[in-house]
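Whole structure, please, built from the sequences with the hints as guidance.
Heads up: the sequence shown begins at 18 in the working numbering, then just goes up one per residue.
Note that these hints are calculated values from the structure, not bench results. All C-beta atoms in this analysis are idealised placements derived from N, C-alpha and C, irrespective of residue type, glycine included. Treat the hints with care, as some may be off.
Okay, derived cross-link-like pairs now, DSSO-like style, lysine-lysine, Cα gap no bigger than 27 angstroms in a straight line [claimed, not checked]:
1) LYS37 with LYS321
2) LYS222 with LYS94
3) LYS151 with LYS223
4) LYS30 with LYS83
5) LYS145 with LYS106
6) LYS321 with LYS338
7) LYS94 with LYS223
8) LYS94 with LYS30
9) LYS218 with LYS106
10) LYS27 with LYS106
11) LYS83 with LYS27
12) LYS223 with LYS145
Just the calculated beta-carbon pair ranges, DEER-fashion [said to hold, decoys possible]:
13) ARG105 with GLY177: 25 to 31 angstroms
14) GLN147 with ASP234: 34 to 40 angstroms
15) GLU165 with LYS36: 50 to 56 angstroms
16) LYS36 with GLU320: 25 to 31 angstroms
17) ASP331 with PHE173: 42 to 48 angstroms
18) SER62 with LYS223: 30 to 36 angstroms
19) THR208 with GLY293: 33 to 39 angstroms
20) ILE224 with GLU346: 49 to 55 angstroms
21) GLU21 with GLY276: 35 to 41 angstroms
22) PRO80 with GLU287: 41 to 47 angstroms
23) GLU309 with LEU76: 29 to 35 angstroms
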Amino acid sequence: MKNEVVLEVKNLKTHFISKKGIAKAVDGIDFVLRRGETLGIVGESGCGKSMTSLSILRLIPSPPGKIVDGEILLNGKDLVKMSNEELRKIRGNQISMIFQEPMTSLNPVIPVGEQIAEALRLHQGLSKRQAWDKSVEMIGLVGIPSPEKRAKQEPFQLSGGMRQRIMIAMALACTPEVLIADEPTTALDVTIQAQILEIMKDLQKKIGMGIIFITHDLGVVAEMCDQVGVMYAGQIVEHQNSATLFRNPLHPYTQGLIGSLPKLYENQEELQIIEGTVPSPYDYPDGCRFAERCPFAQKMCIEKQPELIQYDEDMKVRCWKYTAQWQEESSSREMVTQ
Numbered sequence: 018m019k020n021e022v023v024l025e026v027k028n029l030k031t032h033f034i035s036k037k038g039i040a041k042a043v044d045g046i047d048f049v050l051r052r053g054e055t056l057g058i059v060g061e062s063g064c065g066k067s068m069t070s071l072s073i074l075r076l077i078p079s080p081p082g083k084i085v086d087g088e089i090l091l092n093g094k095d096l097v098k099m100s101n102e103e104l105r106k107i108r109g110n111q112i113s114m115i116f117q118e119p120m121t122s123l124n125p126v127i128p129v130g131e132q133i134a135e136a137l138r139l140h141q142g143l144s145k146r147q148a149w150d151k152s153v154e155m156i157g158l159v160g161i162p163s164p165e166k167r168a169k170q171e172p173f174q175l176s177g178g179m180r181q182r183i184m185i186a187m188a189l190a191c192t193p194e195v196l197i198a199d200e201p202t203t204a205l206d207v208t209i210q211a212q213i214l215e216i217m218k219d220l221q222k223k224i225g226m227g228i229i230f231i232t233h234d235l236g237v238v239a240e241m242c243d244q245v246g247v248m249y250a251g252q253i254v255e256h257q258n259s260a261t262l263f264r265n266p267l268h269p270y271t272q273g274l275i276g277s278l279p280k281l282y283e284n285q286e287e288l289q290i291i292e293g294t295v296p297s298p299y300d301y302p303d304g305c306r307f308a309e310r311c312p313f314a315q316k317m318c319i320e321k322q323p324e325l326i327q328y329d330e331d332m333k334v335r336c337w338k339y340t341a342q343w344q345e346e347s348s349s350r351e352m353v354t355q
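See below:
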């Protein structure tokens, strides 16, 4: 069952149209999520991680945003082509999301237990009593003490860690097949973060769901993820399994991200940095989008955009360095210098 594909995203493109022009927030994303697997999507702020997750759920504000191309196949059914009525039956039921900031995602004037129970009544057809009992059970399941008492409280009466656990309980109440976790541990202290990650892993084992874990924290990726997609400027620039990525990063951007991490057993006076800034989504260059910041960039990198190529089994990279054209050009340069 674990190898069964539950979600497949093909050539997903999400653009925003404004007076400044067209912002290509997500520009040709491809990935596969299998049942029981965790896929990490990493990259710096503004690279398109959250827009990818909102696109999958069809929650892009329109206007100005629009999915202009691609397929989002949940168990073979394309979410892009579904009506809003069909999507309402799927969101929160077959596919759920934990949003970045629980205080803005929860209704501030409704008890948290009632908010979870509402989803259960809508999607599972439970009675009011049954939904409430299941809601209390879910609150206890995510490690909140005195769940009966907490279920009757409103969000402002709970700590940040508890509110995030409520969001997890709400997302998992209907035992979804796919869970999208968008920076679920942001702004939480490390103790609470570790507890929440452990809760997610335990619940994944119990119900076998696939998880898309969106983060900029590579430490969390190493802990949580089976596969990793590295995003830069609206595109996936590298895709590997987690263990191999940290041992052998291929793309210069991935190498820079991993190189910027402090090393526990090394005496480092300064951390490595990636010079420069991300290009504007309104004005991406014709060539590689990382070329201006890349220490290996050549003329071909600036002139033409590389494709995401299969470098090895379970290893994909969007970089000219790993192509025959690069090898030919490198050989020509060596002959000239000789």
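Status of each hint after checking the structure:
1. LYS37 with LYS321: Given pair LYS37, LYS321 holds - Cα atoms ~24 angstroms apart, limit 27 angstroms.
2. LYS222 with LYS94: Cα-Cα ~25 angstroms, so holds.
3. LYS151 with LYS223: Judged against 27 angstroms, a Cα distance of about 16 angstroms means the pair holds.
4. LYS30 with LYS83: 8 angstroms, holds
5. LYS145 with LYS106: 19 angstroms, holds
6. LYS321 with LYS338: Satisfied, since the Cα-Cα distance of roughly 13 angstroms is no more than 27 angstroms.
7. LYS94 with LYS223: Roughly 25 angstroms between the alpha carbons, so the hint for LYS94 and LYS223 holds.
8. LYS94 with LYS30: Given pair LYS94, LYS30 holds - Cα atoms ~18 angstroms apart, limit 27 angstroms.
9. LYS218 with LYS106: It holds: about 26 angstroms lies between the C-alpha atoms, which stays within 27 angstroms.
10. LYS27 with LYS106: 23 angstroms, holds
11. LYS83 with LYS27: With a Cα-Cα distance of about 16 angstroms, the restraint between LYS83 and LYS27 holds, given a limit of 27 angstroms.
12. LYS223 with LYS145: OK: LYS223 and LYS145 at ~26 angstroms, within 27 angstroms.
13. ARG105 with GLY177: 25 to 31 angstroms: 29 angstroms, holds
14. GLN147 with ASP234: 34 to 40 angstroms: 38 angstroms, holds
15. GLU165 with LYS36: 50 to 56 angstroms: 52 angstroms, holds
16. LYS36 with GLU320: 25 to 31 angstroms: 30 angstroms, holds
17. ASP331 with PHE173: 42 to 48 angstroms: 46 angstroms, holds
18. SER62 with LYS223: 30 to 36 angstroms: Holds - the Cβ-Cβ distance for SER62 and LYS223, about 33 angstroms, lies within 30 to 36 angstroms.
19. THR208 with GLY293: 33 to 39 angstroms: 36 angstroms, holds
20. ILE224 with GLU346: 49 to 55 angstroms: Taking Cβ atoms as reference, ILE224 and GLU346 lie about 50 angstroms apart, which means the hint holds.
21. GLU21 with GLY276: 35 to 41 angstroms: Given range 35 to 41 angstroms: holds, Cβ gap about 36 angstroms.
22. PRO80 with GLU287: 41 to 47 angstroms: 45 angstroms, holds
23. GLU309 with LEU76: 29 to 35 angstroms: 32 angstroms, holds
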